[in-house]
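*Asks:* What follows is the residue order along each chain.
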Amino acid sequence: MIRFGCTHVGIAARGCRAERFRDGKCAVMLSRPMRSGFGVLALLTTVFVSACSHQSANSTALKPTASGAAIVESSGGKQSAQTGSPLPQPIVVQVNDEQGTAVPGALVEFSAAPGVTFDPASALTDSSGQVTTSVSLGGTAGRYRIVASTSIKSHQKVELKIEEIALGYQQTLGRRLNDQYCERCHNPESTVERVSNYDNLEIKPHPFTEGDTLNRISDADLAAIISHGGTALNKSALMPAWGNTLSKSDVQALISYIRAVSDPPSSGAGPIYAKD
Amino acid sequence: MKEKLASLWQRLFGDSVRAFGVVSLIFMGSLAIAPAKNFFSEWRHYQHAYLKMVRNRSDATTLQRHFHGGIQQIWLPELGVVDRCTSCHVGLKEASLTDVAVQPFREHPVIPHKLDQFGCTVCHRGQGAATTVSEAHNSTLAWEQPILPAKYIESSCGECHRGPLPGTPQLNQGRNLLAREGCVHCHTVKLPDGTTMKATDDPPSLSHVADKTTREWVFAWLKDPQAYATTATMPNFKLNDDEARDISAFLMANSTPLQGDTAILSAKPSTDPAAGASLYGESFCASCHAVQNAAGNMVGGTVGPELTKVGTKVKPQWLQAWLRNPRMYDPSTAMSHYRFTESQVATLSGFLQAKTDSDLLANVHLQAATPEQIAHGKRLVSDYGCASCHEIAGIKKPENFAPELSRIGSKPVTQLVFLPGMQHTLPDYIATKIKQPRAFGQGLKMPQYTFTPAQIDSLTTALLAWNDRSHSLPASLAVAVPSESDYQPAGKAGKLMTDLACFSCHLINGHGGDMAPDLTWEGSSVQRPWLVEFLKNPGTLRPALIRRMPRFNLTDDEVNELTDYIMTVYQNPSVDRDAMPLTGYSQGQVEFGKQLFYGKYSCQGCHIVDTKSDKGYIGPTLTHVGSRLTAAWIYQWMKNPQALRPGTAEPNRAMSDEEARALTAFLISQKGGVNGEVAKK
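Respectively, the protein sequence lines represent chains A and B.
Residue numbers for the first sequence, in this note's numbering: 8 to 283.
Residue numbers for the second sequence, in this note's numbering: 109 to 789.
Because the hints were derived from the structure by calculation, they are not lab data.
A hint or two may mislead.
As the list claims (entries may be wrong) - Which residues of chain B face chain A? A few of them, derived with a C-beta cut under 7 Å, are:
hint, residue
1, 209
2, 217
3, 258
4, 275
5, 754
6, 757
7, 759
Don't be surprised by glycine CBs; every beta carbon is placed ideally from N, CA and C.
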């Protein structure tokens, strides 16, 4: 009966599609008995589909074989990516027991504001007690709070909060300028492709994540330092003046990038997107 | 019951006056439905909520003054835009609303365009004329373009901007991937500017493949290219054993020997791994080729193929011939013709030949091919469109092998076949099709790629940008691609530069690679004796650089030929090489330059002049700069580095002429030696 209903709804819907550009509303195209049947069939289909989805949700649910006492971050926090894009590195969390040893087979679930996607959104910890998930951030620039949770023995949940940063258009522009002009000195970390110049400088520049210092500098002062060099604010001449190389909007883009990645967050960083 | 109804009827319609009154009331009530619907509409609800939210803010009066009630509309006839989104998204233009987390009230993030000029749906898609949330955002029967998910938003930039943009890394990457990963070998893409998209990769010709490798390797490669090299561009065609057997049989039978390649091993491959590793390092093979190290990391560049298991692939005599002169086998290869000596060829070929993987061919046992198998292999090669990418003797490159993608971004959803469980939207279809092309039905030919999720997102972004609007834009809005240069140097030097594959790394007049410095103005920049020495024995200018110019064992004649050409042809019209002397600057000028260098401009942050005290290594080392660069170039560089080399990291300091002259005097006095002795006339 249900299958019969489904096919009919299918046919009806297809019929609509073919006609829709001519008429806009599909119900008009259906004959009277079909219309009365349509509602019943649609209702049946809805019931059927929802029953199916309910069932499948149950069948794919993971059954934890163990439970821990604490959940900690192994890696993947405080990364930045463009809005809607996957983070460069996955998030790895670990479930430990009271003694701090890793627990395999515990269920970890990830959640965040709407728009953030996880692959997978829930998983059992592997033999080293870890769960790895790839994360894509939401469509609005800003900070996203991701919650990883696991049930502990008393059937309560422990949560781990991880923050990630989604970069909007302006911050993405800023990041590109940072990569081209700033990072070699301002980022102390070296990679194979890019050796940092940080250690070679007598007076150390501030890494852009250094929120404690940079948050105290106003936008106008930051713009002055970038445009006119360190000496503009009685700081080191090792910081050159970029005002003739970068445009005003470039400087604004750089500042918005610096504000976005600073840790702790700057006051103008906007709201944090969390689950509710 | 019946009596009650009768009495009610009597009460309402008992006489004509009553009936008239009641009917009038019903009539008025029904008339009120339309305004009531309007009154309870969604947009009015959002506008009320906005005013309520704004009321408690410190900037309430400003925000209230900016607020206009009622349905708002952006109408742009030439773009076909009627966008009423601002009826609910009330605060889009309010810069102070960045701290608001609830939609639809946030201000729009900073973008380079004005909302009034482009509206909303040009970038975000969706139905602009709708006045309810679901009709505007979701696809309906009358409107199938839902809101574009944020991760693909850059595709809308690509509708007008046909070239790369600094603010759209994802779109740029997607377009690069489409050209580089072979997509456009099979799929035709007519770009909105009338040209056809060209592939930037160069799949090898298979006409002489038997010279290069064995049938067993071809079989293993066809079965799973990524098993041989994880970075392989060739996708997996999911061939079964019989198909791989027959295709490999055909390719081998079809291959003709190439003069020079089948030469007997003239040098015995050396088995000294230390000498091989050191020659591999000295020749900077790793600038272009990657090798997977023991930790599983790729070390090296991506210009040439990965060499982790190359010993399992190539025949020793072919490898030696290739090392002697790669242009014999492939005239268009990106690899330089190193002038290796015979003993170097032996050392390097022995070193590479030892990079094997015994597992790769362990289970490949092929019988001699039968004529039927070869014939079947030929049919399969045509069926799978191998000749779309590879040159294969006797097989014509198929035309329009795969569906054209010129307007894929506007493909009607009704024409698509979706997999069960996936969302019925165009972006989801494109992304899933790239991710698992064979899942969409039996007998499909599109091969399986190994793209990362981020790469799939960027490919989808680039494909969505080719839509009806991108082809029908008003000419005033289209932003053209910067024209591509196919510059080729002329004459004997030009031939030599092609042979050495200078353009694989260097950019000259807009043509070439980006690994090494732009040489367009090299003739104005350097002194002749330095260039001669450098070409004979390239040293390094930048301490932190891992990719360096290799030594090509050039003869004196070749060096002179190249130097003459570079010094004569690659000159900047605004830099007169002889305008400033290389010596004869006053001690005072040099001293002033030194003060500027270490004080005001603090150049030592990035450059080294005194190896004892200076440590900066972003820019080139300047200990010998006085015998490398011309004074005129240094002076012009001080005045405006970006004018000479766009995009250089050296900031423009807007120096006075006097400062630039003093710094030139100081730098030109650095002719080597620990303290940089001052050269005097």
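*Asks:* Run every hint past the structure and note whether it holds.
*Replies:* The hints, checked one at a time:
no.	hint	result
1	209	4 Å, holds
2	217	4 Å, holds
3	258	3 Å, holds
4	275	5 Å, holds
5	754	11 Å, violated
6	757	6 Å, holds
7	759	5 Å, holds
The structure shown violates just one earlier hint, number 5.
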